[in-house]
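Now that you have both chains on their own, put them together as the hints suggest.
From first to last, the protein sequence lines stand for chains L and R.
The working numbering applies: residue 33 is where the first sequence begins, and numbers increase by one.
The working numbering applies: residue 502 is where the second sequence begins, and numbers increase by one.
The set of hints was computed from the structure by calculation and includes no laboratory data.
Mixed in with the good hints there might be a few duds.
Straight-line C-alpha distance at most 25 angstroms; calculated SDA-like pairs for lysine to any residue [what the hints assert, rightly or not]:
#1 L:LYS175 - L:GLU72
#2 R:LYS566 - L:ALA38
#3 L:LYS34 - R:PHE572
#4 L:LYS34 - R:VAL518
#5 L:LYS120 - L:ASN85
#6 R:LYS510 - L:ARG35
#7 R:LYS511 - R:ILE556
#8 L:LYS34 - R:ASN599
#9 L:LYS175 - L:VAL137
#10 L:LYS120 - L:GLU79
#11 L:LYS34 - R:ILE630
#12 R:LYS510 - L:LEU42
#13 L:LYS34 - R:LYS566
#14 R:LYS511 - R:LYS570
#15 L:LYS94 - L:LEU124
#16 L:LYS175 - R:ILE592
#17 L:LYS94 - L:PHE53
#18 L:LYS34 - R:LEU514
#19 R:LYS570 - L:TRP46
#20 L:LYS94 - L:SER182
#21 R:LYS510 - L:PHE45
#22 L:LYS175 - L:PRO131
#23 L:LYS34 - R:GLN515
#24 L:LYS175 - R:PHE549
#25 L:LYS94 - R:ASN599
#26 L:LYS175 - R:ASN599
#27 R:LYS570 - L:ARG35
For the chain L half of the interface with chain R, some residues (derived, Cβ under 8 angstroms), not all of them [what the hints assert, rightly or not]:
#28 GLU36
#29 TRP46
#30 LEU54
#31 THR56
#32 VAL62
#33 LEU177
Owing to the predicted nature of the structure, the values given are computational and were not obtained by experimental measurement.
The C-beta atom is built at its ideal place from N, Cα and C for all residues, glycine as well.
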Amino acid sequence: MKRENAILLLLLFWALISGGFLYTTLVRYVQAAEASHGMEYELIGLELKEKGNQGELTVRLKCINPSSVVLRTFQIRYLLYVNGRFIKSDALYHTQTLPPGETVVQFSGDIHQYPMEYVYEAREFGKMIWMMELEIVLELPFKGLRLNTSTVEYWVME
Amino acid sequence: MISLVIEDKKSVLQHIVFILLAAFILSSFTIFLMLERITTFPSFNMSFLFGSGLILGYLTVLIVKDIRKSFLVCLAIVLVTFVLTALLYSIPSFMGINPALEPVLFSALGWSMVYSILLLMVLFLGLVIGFILHSSK
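Only chain R is shown next, with the shape it has when bound in the complex (with noise of 0.2 angstroms):
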């Protein structure tokens, strides 16, 4: 879909890295929001997850340049970090240490799912301010 509205072969590329760049950043800072007090990380983990979001919408304004196609890689950005958090998450389940994959796999879909909502509206958030940004200049 994506690749219908991006013009070369290269652009592809491009946007392809930078969404998985961008998904596996945000599903880092998901699972440390999911597993908050195994995790290294300091305890700002809602900070540093919208702020990333921010962060990311707004560059993929200054990659996408278009608005339409900006959205769409926003979609996709969250949807891969939606499965690579569930994914993250059930390690322990595939690896066979925790035998209860089912509920641990339905728990990590849930909460993956919670936080890619709740991310998406950032993202757009980042892309809006982008483009008010980009259209004063």
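In isolation and in its complexed conformation, chain L is listed as follows (with noise of 0.2 angstroms):
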């Protein structure tokens, strides 16, 4: 064989191992730009359980991870407002894991005695518009892999 032909054969036997490993790099990089502009969460349930002057708020939520990777919730942050007027902030560190397809994420948290006037001035007024703006941090299996994504969410209540 001749010189070039073995060097070009060498190069072709690592192309082809470059090529194995280029491939699955590829394939964790479309899935984290799915995981990443994909992701939805929808507002599924919001309940308000009066505790003497305060209150403590549940909140379900709906997240829809269209990759094929399994995501996991680090942190939920959230801005709260009823009727326009703001209720409550939070982070909380919450880990769950989010298969690929739809899952309900749980959290609660207390609404201490001053916002509560704002939630029975909402009540009075008739119908009271939940409002949250949230932003939860992912993590995805890609050594600790971190991804902000966010969203607003509405819930009424008659």
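Right, here's the structure in full:
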């Protein structure tokens, strides 16, 4: 075999190995891009329980993971408003696995006495329009790679 | 341009295959570097990239033999690497997964240009080492 052909054969072998690694890397890359750009959220439940002068809020959020990788919630940050008035902000370290497809994430938080007055006012008005600005930090299964996703969700209580 | 300085068809084909294979290897290492945290490859990417550049520069000497032609072949390798890397990096945008096509493409072009310039220097270094080793024989 000529030297040139031997070199080309060696390069072909080298390229095949690189190609194998490149393929798996690109599949992961595409999945990570799908997870970061196609993640969808839907507020499916917002419950308010009164405890004396305070309140306890329970939120149920449907998370739709369009990728084929298993994600994990790392932190949930939110700002909550009722009828346009600020009620609460919180940042929870909430770890929950999000497999491909739909998963319901539930979390709760207290509403203190002072903002509860706005809730009572809104109730007297007859209709409570809750607005939640959510920022969810997700963890990808690649060396702790995190991505920030956000959404604004509404919930109406009659 | 290259075909002007290479004598026969067989060697033209050989050089083209060499350029394509070398560019593919280098662009895969560049992609590993650009997607460092997602890659399936261990995190020695920088050394793999520049080590490969050095070896490929040396192999260019063995394949091409002439110093002027070797520089042109290295230049062609880097140009193909640049285009291939930018295309591979923009795959999610072309697939419509990432809606922001332009920023991704610009960032891909920017980073592959940076790595291409570094690669060109490493390939030339490999060439020089190859010529020194061969002229001393």
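Now for the hints, and whether the structure bears them out:
Distance check on the hinted pair: LYS175 (chain L) and GLU72 (chain L) sit about 23 angstroms apart at the alpha-carbon level, within 25 angstroms; holds. Between the alpha carbons of LYS566 (chain R) and ALA38 (chain L) the distance comes to roughly 15 angstroms, so the proposed pair stays at or under 25 angstroms and holds. Proposed proximity of LYS34 (chain L) and PHE572 (chain R) is supported: the alpha carbons are some 23 angstroms apart, at most 25 angstroms. Distance hint between LYS34 (chain L) and VAL518 (chain R) is fulfilled; the C-alpha atoms sit about 15 angstroms from each other, no more than 25 angstroms.
The straight-line distance between the Cα atoms of LYS120 (chain L) and ASN85 (chain L) is roughly 15 angstroms, inside the 25 angstroms bound, and the hint therefore holds. With a CA separation close to 18 angstroms, the supplied pair LYS510 (chain R) and ARG35 (chain L) stays within the 25 angstroms bound. This hinted pair checks out: LYS511 (chain R) and ILE556 (chain R) have alpha carbons roughly 23 angstroms apart, not beyond 25 angstroms. The hinted pair formed by LYS34 (chain L) and ASN599 (chain R) fails the criterion: a straight-line CA distance of about 47 angstroms is larger than 25 angstroms.
This hinted pair checks out: LYS175 (chain L) and VAL137 (chain L) have alpha carbons roughly 24 angstroms apart, not beyond 25 angstroms. Simply put, LYS120 (chain L) and GLU79 (chain L) have alpha-carbon atoms about 15 angstroms apart, close enough for the 25 angstroms limit, and the pair holds. Simply put, LYS34 (chain L) and ILE630 (chain R) have alpha-carbon atoms about 22 angstroms apart, close enough for the 25 angstroms limit, and the pair holds. Between LYS510 (chain R) and LEU42 (chain L), the direct Cα distance comes to roughly 22 angstroms. Compliance with the 25 angstroms bound is thereby established for this hinted pair.
For a cut-off of 25 angstroms, the pair hint linking LYS34 (chain L) to LYS566 (chain R) stands: about 14 angstroms separates their Cα positions. For a cut-off of 25 angstroms, the pair hint linking LYS511 (chain R) to LYS570 (chain R) stands: about 16 angstroms separates their Cα positions. Taken as a hint, the LYS94 (chain L) and LEU124 (chain L) pair is honoured in the structure, with Cα atoms around 17 angstroms apart against an allowance of 25 angstroms. A distance of roughly 22 angstroms separates the Cα atoms of LYS175 (chain L) and ILE592 (chain R); the hinted pair therefore holds under the 25 angstroms criterion.
A distance of roughly 35 angstroms separates the Cα atoms of LYS94 (chain L) and PHE53 (chain L); the hinted pair therefore is violated under the 25 angstroms criterion. Of the pairs offered as hints, the one joining LYS34 (chain L) and LEU514 (chain R) holds, with about 15 angstroms between alpha carbons and a cut-off of 25 angstroms not exceeded. With a C-alpha separation of about 24 angstroms, the suggested pair LYS570 (chain R) and TRP46 (chain L) falls inside the 25 angstroms cut-off, and the hint holds. Using a Cα cut-off of 25 angstroms, the hinted pair LYS94 (chain L) and SER182 (chain L) holds, with the two alpha carbons roughly 13 angstroms apart.
Note on LYS510 (chain R) and PHE45 (chain L): the hinted pairing holds, with a Cα-Cα distance of about 24 angstroms set against a maximum of 25 angstroms. About 18 angstroms separates the Cα atoms of LYS175 (chain L) and PRO131 (chain L), which keeps this hinted pair within 25 angstroms; it holds. A C-alpha spacing of about 12 angstroms is found between LYS34 (chain L) and GLN515 (chain R), which places the hinted pair at or below 25 angstroms, so the restraint holds. Among the hinted pairs, LYS175 (chain L) with PHE549 (chain R) is consistent with the structure: their alpha-carbon atoms are about 20 angstroms apart, no more than 25 angstroms.
With a C-alpha separation of about 22 angstroms, the suggested pairing of LYS94 (chain L) with ASN599 (chain R) holds against the 25 angstroms cut-off. Among the hinted pairs, LYS175 (chain L) with ASN599 (chain R) is consistent with the structure: their alpha-carbon atoms are about 21 angstroms apart, no more than 25 angstroms. A C-alpha spacing of about 18 angstroms is found between LYS570 (chain R) and ARG35 (chain L), which places the hinted pair at or below 25 angstroms, so the restraint holds. For GLU36 (chain L), the suggested interface contact is upheld, since its CB lies about 5 angstroms from the closest CB of chain R, less than 8 angstroms.
Because the smallest distance between the Cβ of TRP46 (chain L) and any Cβ of chain R comes to about 6 angstroms, under 8 angstroms, the interface hint for this residue holds. Using the Cβ-Cβ criterion of 8 angstroms, the hint placing LEU54 (chain L) at the interface with chain R is satisfied: the shortest such distance is roughly 4 angstroms. Because the beta carbon of THR56 (chain L) sits about 4 angstroms from the nearest beta carbon in chain R, less than 8 angstroms, this interface hint is met. Hint status for VAL62 (chain L): holds, given a least beta-carbon distance of 5 angstroms to chain R, under 8 angstroms.
A least Cβ separation of about 5 angstroms between LEU177 (chain L) and chain R falls short of the 8 angstroms threshold, and the interface hint therefore holds.
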